[in-house]
Amino acid sequence: MMALPKPLHDLFRPPPTPGVLAVFSHLDTTLAAIKRLRAAGHTDFTVYSPIPRHEIEDALGQPVSPVRAFTLVGGIAGCAIGAWITLWMSADWPIVVGGKPVGSIPPYVVIMFEMTILFGALSTILGILFNSLFAARRLGTILYDPRFTNDRFGIFVPAGSDKVAKVESLLREAGAEEVRRG
Amino acid sequence: MVLILALPPAALSGQQAQSTSSPSSRYQAPVISDTGDLKGPRQPIFFRHDVHAGEDQIPCMYCHYSAAVSSEPGIPSLQTCIGCHQVVGGGSRRGLKGDTTAARAERAQVQLLRNAWRERQPPEWIRVHALPGFVRFPHMRHIKGLSTRQGVEANATCATCHGDVKHMTQVEQVSTLRMGWCVHCHMQNTVTRDCSVCHY
Amino acid sequence: MAETPPPTTPTRVTYDYVTRTIARTLSTPSRGYFLLLGAAVALLAIGIVTLLYLLRYGLGLAGYSHPVYWAVFITCFVFWVGIAHSGTLISAILFLFRSGWRTAVYRTAEAMTVFAVMTAGLFPLIHIGRQWYFYWLIPYPNERGLWPNFKSPLIWDEFAIGTYFTVSTVFLIMGLIPDIAAVRDLATGWRKKLYALTSIGWTGSNEQWRHYSRGYLYLAALATPLVLSVHSVVSWDFAMALVPGWHATIFAPYFVAGAIYSGCGMVITLLTPIRTLFGLEEIITVKHFENLAKLCLLTGSIVGYAYVCEYFMAWYSGNPTERAAFWYRAFGPYWWASWTMIICNGFLPLLLWVKKIRTNITALFVISIFVNIGMWFERYVIIVVSLAGEPFTKWANAVYNPTWADWGIMAGSFGWFFMWFLLFVKNFPAVSISEVKEVLPPPRSKPSKVHV
Amino acid sequence: MTDSIDRRRFLKVLGVTSAGAAAVSACGIGPEPTERLIPYLVQPEDQIPGTATYYATTCRECAAGCGVRVRVREGRAVKLEGNPDSPINRGRLCARGQAALQGLYNPDRIAHPMVRNASGKFEDIDWDGALQRVTAKVREAQGKGIVFLTGAEQSTFGDLVDEWMKQVGGRRMSYEAFGFEALRAGNRMAFGTATLPTYDFANAKYVLSFGADFLDTWLSPVEFQNGFSRAHAFDAGRPASMAKFTYVGPRLSLTGMNADEWIAPKPGSEGLLALAMAQVIMSQHLARVPADASKLVSVLAAHTPRAVAQVIGIDEATIARLAREFARSGGGLAVAGGMATQAANGAEIVAAVNILNYVVGAVGTLVKFGADLGVGATNTFADLATLTSEMTNGRVALLFVYGTNPAHSLPGAFQQALGKVAFKVSFSSYMDETAAACDLILPDHHPLEQWGDSRPRAGVIGLQQPVVQPVFGTQPTGDVILKLSGRTGTFQDYLQAKWRARHGANFDQYWMDSLAKGGVYGEAPTRPVRLATTAGNFSTTFAEVPSWGGDGDQTVVVFPHPALHDGRGANKPWLQELPDPVSKIAWHSWVEVHPDTAAKWGLATGDFLLLQSKFGGQKFPAWITPSVRPDVLAVPTGQGHSAYGRYAKDRSANAFELLGGQATVYGGRSFIVRATASKTGEHQRRIATIEGNARDLGMGTTEVLPLARAKALHPGDHPFHFEETPEYAKDAVEWWAERQHEKAELGNYKGEQPRWGLAIDLSKCTGCSACVTACYAENNIATVGEELTERRREMAWLRLERYWRVDEHDNLQGAVNQPMLCQQCGNAPCEPVCPVYAAYHTPDGLNGQVYNRCVGTRYCSNNCPYKVRYFNWYNYAEKDGKYEAFPEPLSMLLNPDVTVREKGVMEKCTFCVQRIRGAQNQARLENRNVRDGDIVTACQQTCPSDAIVFGDLNDRNSRVFELAGNPRGYHVLAGLNTKPAITYLARVVAQDTPGNG
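One line per chain: the protein sequences are F, X, W and Y, in this order.
Quick note: the numbering used here has the first sequence finishing at residue 204, numbered continuously throughout.
Quick note: the numbering used here has the second sequence finishing at residue 749, numbered continuously throughout.
Quick note: the numbering used here has the third sequence finishing at residue 448, numbered continuously throughout.
Quick note: the numbering used here has the fourth sequence finishing at residue 2492, numbered continuously throughout.
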């Protein structure tokens, strides 16, 4: 491991978050655990699941993802760029073809449309990446189990040493198959 | 054409030669000791535009006589050179200021020309300004247009593209001669940008 | 591993089964795989050599003959673009329609899309006369101050295909990320490192799923009009021209339907061997094939209807050039191509009305091959025969015949496509792991009647 | 044989290498090679770099002697144009004349003298050595027979040869493969003079041709075509002046297909038709018959229409109608020649036609004896047959051959006889069949490289001057003969001396004037002729239609190819690639078969037929066409060379080999032979470049108007107005179109600009295809060769579409020819589809095509309804490439003002934009605007019938504006709303239904 200067070190190798990781084999037990955690006042726990389940989303009661704003802005920008390149480039060196106006809108609509889609899609991707990878809790700072991408659900609850035991018991009670500290 | 060839340079340039011929103000081409430093391609004979067009004030179109009337400027025939150099042996111009080594060197170049004429072997000049085969550049239109627009005599328009050849010891290409350069000038002068003016 | 499987599901197919079955497709390849890959690379080599010849000597090596100025290369272009359509259709449109059955087949279809667009995109570059100046079609700032002509359908094409390639590629990659993570968590050695890198930190946390699901939905929503637009734009390459047989308003929907038809055919062609070879019978079931067949039937019927429409309009319009063009198409020297297309695309899909055929995978496989052939000929007929039969001037008694150069490039395109496809299926999950799980009942500690 | 030319020497001549070299290298990839500029030693006085100089000289491609002007750029001859001062061609030129340049720069020219060595191979020899040998051989052969064989050579050079032959005791003979023996004999029979008169087509009011192909190969085609189109053209507004043209012959030639009516009597019976017509005219007093014609009454009485109808296969009423039409026109001109006069009774047929002319008073007015044609002085075929037998018998020890290729066109006996001649010397500059059989070759300068003159007809002397430095190490034969005859001086001195003798005082001025004008153009007085006393004595020969030589069940007619003629054009790729005006076949020969015959034999176009006459057999691909009589097969000459360079050698079959060596009674050669025809089983996939039929007429492409309807047209009428927009949508469409064009005038498209346009009168166009070759020459169009022509990759920017024209009974009556070139549409479909603006609209209304911007998507061609865009499938300029179109020194004739296109680029007609820009540059230098007529496109310039007019459609005073408003005018495919700049004027057909005379 290469030593990094402090600010960079903090950025790239953040210290692990202390907490508890529970592994569940069933969806219903996971949901129960979420309910209990929320009832216990926990808000910033992380739920792992191999597939997106609307039950989990419902149980967590999260707001709608801001990705849609990215899509909208990207789409509008794309349309504008499409209009700009077609009209400006036509006017920059006006050349008449086929007796049509130099800046003829109907053919340019195609370009505008394609640019809308292209920029919309690309900014959606950026939105997903930004929100789920960078703005979310950093990978590697919280506990994870490889089974979560296969057939297990998991809940990681950040907890200081004072609360660990309490959370552990809460999770076990909810039906966790396995509980780990980290 | 025969007539023009037979006349001495001064006759052709007429008034201009007179008005600028005050000896003190005349440009004097430098003495070149190291030709390796010069820009532009090395020609088979070290023909110096700065001596001929600069110091001696021979108008461009004395040699490149068809530039103002034809699309091609043409390069002078050897006869045009020898017309003067039969008499002018070189090495006696004012700019040399009595430098005998330089004078000898210049005389040697004139001798190359005389040899070529005697052996009827014209020198193969290296082309400096070349356009691709798909571009038409009618010199006469440009000369006429520029001289009208700038209100100057035809010989004064050459420098627009060819640079200050009058003061070039060895001619080099100063303009890119690329399309963007052409178009830029056309737009500045509000002349047409129609493709088929140059490309056909 | 599920402890108490719900009664409605076959016991074997659990989350874990799905993960492991699909991950097994990435195991060490067999000799057969290498043979196939070798064949694809050999075909590609033929294409490359042909291309070098074309670059050196000129397009004259191909069969072009006045006035047939577009031929096999553009036929292949449209063919591959068409193939590319079902992928996004299955992944995006059916996603929006919440069709559960798509999950088992969409990854293959989507990979096929990306590679088919990659293949198609080569043809406009190969078929132009001065291939080395292809970048003049791109609007980049240049010394000359010149821009491309946005009125040209070819520029629309460039934007449409470019956008489609970009969007379908990111769509494929997006879908792959959770699956790569799943494979990462099973893999060892260098593969684990590769997948760890390519899964860009996917863990399946609730935050990730939240943004991912939304984003995926918007992507699907964007991709849907894109799919329809791309083949519409491709069809406008022809419909915007005044060649009789091209100049028709029906072209956009006709081409889109044809594209989906050919794409579904190609999906069946590709899935049948994959399913058998990788033992995915329980994940990709006969039901899936039947659904694909139904899609074929639907789009094939639309295509058949378009054929009837074209001929009817040619007759009903009373336009002598239109009539001449379609008479030439059906009964001219290229009648065999036209009738191959009509039989393969107009009549063959009618067999799919029969459930027995629809659910017989061997029969479907054979039909799908003919669908591919028929759709190739459809483009051949539209492009070559319309140009050859140009009825405006009698100058046009064409003598077009493809040459080795045409076939060489076409072979190369198949090699190129299959090379990428084969590399893909051995290195990435060819069936979506997470989405197949989505249609399974989630593991529960006690049986529940919660909907699937 | 093809010694590489000394390039350095060339460059010295050129002065600058840039123009040509850069044009060839065009748009290559990679760094530009270092170019070198080689100055002139002495600047030629009359040449300005970058500006063309024109020199007047005389065309020597055939005996017609047209005046030409050669455009010379930087020492290279780049284009031939007709000399407007010449009374023969009046500034026009045919395809063969245009192609003379490819003879000058032919890559297969013989560069040095060559001698046959002991092993029978040719080896180089220097000029001195060669001349010594000839001198020795002449001395040796004196008294043993020396013959100097030339082509039609009515010139000072011919005089020199005569002098030299007299000096050494030899004789000169002249040979033309298609001689006019029948014409001369027929004239002698009818009028007692064996000379060839000149014919005034321009003032004829009715033209009746008995097989005479006066538009393509007969006597003086350019002159006749020019005159004919004046008579035959239709001009509304002026009193209807269209002369009807009826063609009588077994097949439609280029001339025949321009007819308003086609009569195809049995071959050999044409004379009977003429006599029957004369009989009707005399008996019905339809014309003012000269008094001395009365002696014909008894002769003619035997040839009533009723009597001959059966024999000739034309019904009585038609004969009578023709006679009435002909006589009542008040200016009937009948000509006989070509196929109709090649039968054994050819002379009688000519005499009969002479009588017909005589009875309507055409002799002396339209048929002008006195202005006799020089070609009439050649030796007859009988003379050549005699020569052959003399050679065979060893009575010729030394044979010189100059300007003719008898080994190709004469029967095999001549070639065998050549072997019996002790020493043969050829002056040919090409390795033709005769040169290949000679012992010594002293290559001559090309006519464009040397001094000379030509006397095509009495009163006219065309002067010929060297316009370029010699390309190879050849020497003018005139100089050689002077040296051989021990005289000093050059042929130029000799020529001047001869001219001085003719014109003493103030000779220098006279000489300079003649040089500038291209010759001396006088007019010989018309010599009156009277009917000879023997005029009526021949008719017994007509008792029945003759049978001709040989056996076999088929009648085969051998006719001269309009472009290749007797084969002399076959080494010029322009002529090889020029589709035959009738069959549209290029690069090979064919046999014309009537569809009925073909159906009987189960023959398809492209199937090979083996024609076997008593004299020889040859294979030809069949071209099935209604333009030939069902009982006749027709074959063109021109191909089938066994030598003559890369373009001619081993190409197709030589039709001359079918013919016998027996001279006819009048000393001519019979070009009709009996033969058997059998299928060989071989097949050629595509033989014709284009097919058109009557159904295409009136489909918006080609329009035809009957004379009566055309006469009734008033200015402003629109007989072809094609209304596609329905009434209710009209306003909306017009509003839309206006808005479009308003917006289209943005940027630098603002302001008053010309709109270049073309008007093409289909009534004048004969389909002769001179414009096609002119276009090749002007625009550096590549010839692609036979293989690619078969694959339809020919590059002709201008093509001639030939559409058959039938009468109401579906009988073929002729054809309409339509030059098809880029229409320079206002709403051009090709433009918007180009992704890189390589196809775009210029402010002056052209469809610009920027070659260096083109990436080659070919979309423009797909979208062009006229299909006039052509693609460079290969690099035709690639040195030593498989399809190289301009092998050195053919590249010397490339027009430096036009880019040579590289592979992968689309090209098309640009209305000779280089000429437009040149004229604009010139006008600007002179501070004026371009005037109507300043710009002449290459096709317009050469058109012998003046069918093409170029100009500014926005200039209300221009000729083209006037023609564009002609009620006969229409736009091709107007319904597509492409708004073409070319206006076609409908072909008018003088159709007269029977009884409507």
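Just so you know, these hints were derived from the structure itself, not from any lab.
It is possible that some hints are incorrect.
Simulated pairs of lysine to aspartate or glutamate, DMTMM-like, Cα-Cα distance not exceeding 20 Å [what the hints assert, rightly or not]: (1) W:K442 with F:D167; (2) Y:K2206 with Y:E2421; (3) Y:K1993 with Y:E2457; (4) W:K188 with F:D50.
A short, non-exhaustive set of chain W residues, derived as facing chain F with CB atoms under 7 Å [to be verified]: (5) D12; (6) V166; (7) A178; (8) G200; (9) S201; (10) H207; (11) R210; (12) A216; (13) L218; (14) W332.
All C-beta atoms, glycine included, are put in the ideal place defined by N, C-alpha and C.
Going through the hints against the structure:
no. : hint                 : verdict
1   : W:K442 with F:D167   : 24 Å, violated
2   : Y:K2206 with Y:E2421 : 44 Å, violated
3   : Y:K1993 with Y:E2457 : 49 Å, violated
4   : W:K188 with F:D50    : 31 Å, violated
5   : D12                  : 4 Å, holds
6   : V166                 : 5 Å, holds
7   : A178                 : 4 Å, holds
8   : G200                 : 5 Å, holds
9   : S201                 : 5 Å, holds
10  : H207                 : 4 Å, holds
11  : R210                 : 4 Å, holds
12  : A216                 : 10 Å, violated
13  : L218                 : 5 Å, holds
14  : W332                 : 35 Å, violated
Of the numbered hints stated above, those contradicted by the structure are hints 1, 2, 3, 4, 12 and 14, listed in ascending order.
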